[in-house]
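Asker: Whenever a hint applies, use it, and build me the whole structure from the sequences.
Top to bottom, those sequences are chains A and B. Start counting the first sequence at 2; every next residue gets the next number (this note's numbering). Start counting the second sequence at 435; every next residue gets the next number (this note's numbering).
A couple of the hints might just be wrong.
[What the hints assert, rightly or not] Computed beta-carbon distance windows for the label pairs:
hint	chain 1	residue 1	chain 2	residue 2	range
1	A	326	B	917	22 to 32 angstroms
2	B	805	A	197	45 to 55 angstroms
3	B	562	A	308	28 to 38 angstroms
4	A	274	B	838	22 to 32 angstroms
5	B	930	A	131	53 to 63 angstroms
6	A	313	B	805	28 to 38 angstroms
7	B	694	A	197	51 to 61 angstroms
8	B	676	A	134	45 to 55 angstroms
9	B	805	A	320	23 to 33 angstroms
10	B	838	A	320	33 to 43 angstroms
11	A	308	B	824	32 to 42 angstroms
12	A	322	B	771	22 to 32 angstroms
[Stated by the list, open to error] Chain A residues, not near chain B, derived (Cβ > 12 angstroms throughout):
hint	residue
13	45
14	48
15	127
16	134
17	136
18	301
19	302
Just so you know, these hints were derived from the structure itself, not from any lab. The model shown is predicted, which means the values in this text are computed figures rather than measured ones. Backbone N, C-alpha and C fix where the C-beta goes; we use that ideal spot for every residue, glycine too.
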Amino acid sequence: MSAISPAPSFATRWWNGTGVVRLRREGAVAPIGAFVVFFVVYVIINPALLTRFQLQTAANLVVPLALVALGQLIIVLVGGIDISIGAIMSLCNVVFAVQLETMPVPVAILLSMGVGLACGLFNGLLVAYGGLPAIAVTLASAFIFGSLAREVLDRPGGGVTKEIYLATSGELLPFVPVALVWLAVVAVLLWLLLQRTALGRHIYGVGSNMESVRAAGLNARLTKLLAFGLAGVITSFGAMMLAASTVTGDPRSGDPYLLSSIAAVALAGAAFTGGRGSIIGTILAACTLGLIGNLLFFAGVNSYWQYVISALIIVAVVGIPVVWKRIAFAARGARS
Amino acid sequence: MSDPTAPGPAPATTAAPLLAATDLVKSYGPVKAVQGVTFHCNPGEVLALVGENGAGKSTVAKMLAGAVTPTSGSITVAGEPLASGSVKQSRLSGVRCAFQELALVPDWTVAENLSLPDGAPLRGFSQKKSVAKAKQLLEALHLPQIDPRAAVDTLSLADRQLVEIARALAGDPKLLILDEASSALTPPGVAWLFARIRELTARGGSVIYVSHRLGEIAEIADRGTVLRDGKVAGEFVRGGWTDDELISMMAGREAERFFPSPPPRTTDAVALSVENLRAEGLHGIDLSLGAGEILGIGGLQGHGQAELLRALFGASPAQADSWTVGGRRIRRTTPVRAVANGLGYVPEDRKREGLALEMSVGENLLAPWYRAYQLGGRPRLSRERGWIDGILNALSVRTRGPNELAGSLSGGNQQKLVFGRWMNRDRTVILLHDPTRGIDVRAKQELYGAIVDLAKQGVGILWFSTEVEELVHVCHRVVVLYQGQVADELIDHRLTADNVVGAAVGATGSLAAQTAAAASGAPISSPPNSNVAQEGLVR
Numbered sequence: 002m003s004a005i006s007p008a009p010s011f012a013t014r015w016w017n018g019t020g021v022v023r024l025r026r027e028g029a030v031a032p033i034g035a036f037v038v039f040f041v042v043y044v045i046i047n048p049a050l051l052t053r054f055q056l057q058t059a060a061n062l063v064v065p066l067a068l069v070a071l072g073q074l075i076i077v078l079v080g081g082i083d084i085s086i087g088a089i090m091s092l093c094n095v096v097f098a099v100q101l102e103t104m105p106v107p108v109a110i111l112l113s114m115g116v117g118l119a120c121g122l123f124n125g126l127l128v129a130y131g132g133l134p135a136i137a138v139t140l141a142s143a144f145i146f147g148s149l150a151r152e153v154l155d156r157p158g159g160g161v162t163k164e165i166y167l168a169t170s171g172e173l174l175p176f177v178p179v180a181l182v183w184l185a186v187v188a189v190l191l192w193l194l195l196q197r198t199a200l201g202r203h204i205y206g207v208g209s210n211m212e213s214v215r216a217a218g219l220n221a222r223l224t225k226l227l228a229f230g231l232a233g234v235i236t237s238f239g240a241m242m243l244a245a246s247t248v249t250g251d252p253r254s255g256d257p258y259l260l261s262s263i264a265a266v267a268l269a270g271a272a273f274t275g276g277r278g279s280i281i282g283t284i285l286a287a288c289t290l291g292l293i294g295n296l297l298f299f300a301g302v303n304s305y306w307q308y309v310i311s312a313l314i315i316v317a318v319v320g321i322p323v324v325w326k327r328i329a330f331a332a333r334g335a336r337s
Numbered sequence: 435m436s437d438p439t440a441p442g443p444a445p446a447t448t449a450a451p452l453l454a455a456t457d458l459v460k461s462y463g464p465v466k467a468v469q470g471v472t473f474h475c476n477p478g479e480v481l482a483l484v485g486e487n488g489a490g491k492s493t494v495a496k497m498l499a500g501a502v503t504p505t506s507g508s509i510t511v512a513g514e515p516l517a518s519g520s521v522k523q524s525r526l527s528g529v530r531c532a533f534q535e536l537a538l539v540p541d542w543t544v545a546e547n548l549s550l551p552d553g554a555p556l557r558g559f560s561q562k563k564s565v566a567k568a569k570q571l572l573e574a575l576h577l578p579q580i581d582p583r584a585a586v587d588t589l590s591l592a593d594r595q596l597v598e599i600a601r602a603l604a605g606d607p608k609l610l611i612l613d614e615a616s617s618a619l620t621p622p623g624v625a626w627l628f629a630r631i632r633e634l635t636a637r638g639g640s641v642i643y644v645s646h647r648l649g650e651i652a653e654i655a656d657r658g659t660v661l662r663d664g665k666v667a668g669e670f671v672r673g674g675w676t677d678d679e680l681i682s683m684m685a686g687r688e689a690e691r692f693f694p695s696p697p698p699r700t701t702d703a704v705a706l707s708v709e710n711l712r713a714e715g716l717h718g719i720d721l722s723l724g725a726g727e728i729l730g731i732g733g734l735q736g737h738g739q740a741e742l743l744r745a746l747f748g749a750s751p752a753q754a755d756s757w758t759v760g761g762r763r764i765r766r767t768t769p770v771r772a773v774a775n776g777l778g779y780v781p782e783d784r785k786r787e788g789l790a791l792e793m794s795v796g797e798n799l800l801a802p803w804y805r806a807y808q809l810g811g812r813p814r815l816s817r818e819r820g821w822i823d824g825i826l827n828a829l830s831v832r833t834r835g836p837n838e839l840a841g842s843l844s845g846g847n848q849q850k851l852v853f854g855r856w857m858n859r860d861r862t863v864i865l866l867h868d869p870t871r872g873i874d875v876r877a878k879q880e881l882y883g884a885i886v887d888l889a890k891q892g893v894g895i896l897w898f899s900t901e902v903e904e905l906v907h908v909c910h911r912v913v914v915l916y917q918g919q920v921a922d923e924l925i926d927h928r929l930t931a932d933n934v935v936g937a938a939v940g941a942t943g944s945l946a947a948q949t950a951a952a953a954s955g956a957p958i959s960s961p962p963n964s965n966v967a968q969e970g971l972v973r
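Answerer: If you want it as structure tokens, here you go:
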């Protein structure tokens, strides 16, 4: 993102530019590096990724996860965690699919977003104004939203059409999957919100130290509430992308995304106590995790190993900076 | 000392007070923190608010700042009632507060902390503009050494406090509340603060100055209100009081400020010695601490004192040509090994490094002595009851007992816990990092007494303090650090406050250098390197 900006003045050393410093602080360097390595390995094992068809399939696989992970990231930034994110996704997914049977497309989209917003605000109200722990609130609401999803649509179905598939999951231009374009749009808007508005900085601040933010005269509770609402809306985007790319609504579709979204945020180097985490890191972490299954398929490894490999990547990427820091610290001590 | 640039107190009969607080009451459930406090502050006046820990000063300051809603009573600022219970409203009506417990967001940069509290949440935010604005502000306030792009948690405690004060000053407040805001500042930092206060009062602003440092109050305060047990115990005006009178008023009994003398040394045994100690921020330190000796470490914050204590305790990596503890040679150490070797350490930040605030008083005292296979919880507490009660009594810790949460004690009593855990535990050496910072006079004296008692028992005490008077009176010997090296060693007749301060600024015994440095704004606090070494323990 802004990492590109300091390039012209090399005198100030680009790796000390503000953008790069922020990426380092937010823990994004490791996941970016991991993605680059992973991508190179992937292309070596399976050069066919760079064909139009596979690129499109991979994008459709990765984008819903990336969006849900961004939703999870916002909750984590304010120092919470969202266990209900999979259920919110299922609910938005079936609402979108069912409404498409009767309603025009924009109405279905708005309804799905509205449901995501409502779910987020429900959690947010209990957490920010009720003072309850986020993990308990969202665990409870996960059951509620999950049941609601089955109430709306009890088996895969709905009215997703081919046109919608093409608009979300097709190709904009050759080699440019539409899904990635939508992801980029959401990511840039979210980045602008988090880095270039006061509200976004408040979200980081609330997670960093809520008491300080309140003592500075800011409305910390409202910030937390808005963060939960925002996360709900972004999750609904992920749900709609999923419904569109699979051309069905499914009341269980969100379930696997709960742990994956948390894993992606962890891989992105975000602090689960809040206040630190980057958008680019989260997206690339989601891409890495989302493509591991494919990679193993092409490498001819039993797909059950997918989870072990994911786990190893997370431990390695999160662990290497910690170990590196310790070594560098000891080395500095020995040198001086 | 007292500088007459500030306009004297306006005659109370004519001028309308800028701030009038009437019958303030604040109760937390059954506990009455403040019960009927009345005072006023005139324009251009510095009003000191003094009292022991738990007397209600901080609660009063928070009510003025809007962070706490009074249960009853009224506050008016310039005749207008203050919309209480909202920091934002207070800020808008020109009341700014710098809190003791820093109200800066650690993951925000200095610039963000300075600019974000103003303005609506949905407004755009530009890093560049806020950095430029912050830079301008910091330069206008003579703090050019603080980098506005640095995240606040990479700064030293003193620098954070300067930023917090700068933020309060930024809005050109009508009423500035400084709640122990100078507790981590070194003498030049305090001089900087006083210069800013005088600028503010010259423009007609008022300052409420909450501090435990009587010397600072004598210098800056025009009037003062003494609080005791949530009530006004008395008032004083500039020049009309002595330390002893004030302390008696705060304590509600005859008390006087005194520094105990260090006990005579009975042995020549060496408790701790290092030669050519090297670590981050330390460039070859030679040090030898005798058993039963109180060795003071002086110097400005950030010249290696924190690093020295941490290195000796093994909290950050260090190497030395020769290194002995209690006569045993060691090559390097870790905190676990250091405790096993007979060291004790009272860290800088009692809340973050010293205590588990959610655990009980007794468990916090026992923290270094728990082994994983031993009993814990209440059975352990009752078994150790004798030792715990002994410590609590010896230090006069005001607590409801060993089962009370450490977080509910006042700052001074928390500090006593961090200190008390090392008492009567066969320590060879105890390392103290400014243990009297921000605690009241009575608590300070109780700590002095305990330190001297430990020395009598033959424990070597290595004591870094930002308060020069303490070092001069209570220590056998003072070593002053400057830029990571020993600048001077002061003993006997050379052990004076002027010499300590002089050596601390790298000069040889001249106060002029210090004030000149403070005026030019240069070395009020040093570069943020002092915090780098902290990562080891925190992580």
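Asker: Give a verdict on every hint.
Answerer: Outcome of the hint check:
no., hint, result
1, 326(A) to 917(B): 22 to 32 angstroms, "26 angstroms, holds"
2, 805(B) to 197(A): 45 to 55 angstroms, "53 angstroms, holds"
3, 562(B) to 308(A): 28 to 38 angstroms, "44 angstroms, violated"
4, 274(A) to 838(B): 22 to 32 angstroms, "26 angstroms, holds"
5, 930(B) to 131(A): 53 to 63 angstroms, "59 angstroms, holds"
6, 313(A) to 805(B): 28 to 38 angstroms, "35 angstroms, holds"
7, 694(B) to 197(A): 51 to 61 angstroms, "58 angstroms, holds"
8, 676(B) to 134(A): 45 to 55 angstroms, "53 angstroms, holds"
9, 805(B) to 320(A): 23 to 33 angstroms, "29 angstroms, holds"
10, 838(B) to 320(A): 33 to 43 angstroms, "39 angstroms, holds"
11, 308(A) to 824(B): 32 to 42 angstroms, "55 angstroms, violated"
12, 322(A) to 771(B): 22 to 32 angstroms, "27 angstroms, holds"
13, 45, "36 angstroms, holds"
14, 48, "41 angstroms, holds"
15, 127, "21 angstroms, holds"
16, 134, "14 angstroms, holds"
17, 136, "17 angstroms, holds"
18, 301, "41 angstroms, holds"
19, 302, "36 angstroms, holds"
Violated hints, listed in ascending order, are 3 and 11; each of the other numbered hints is respected by the structure.
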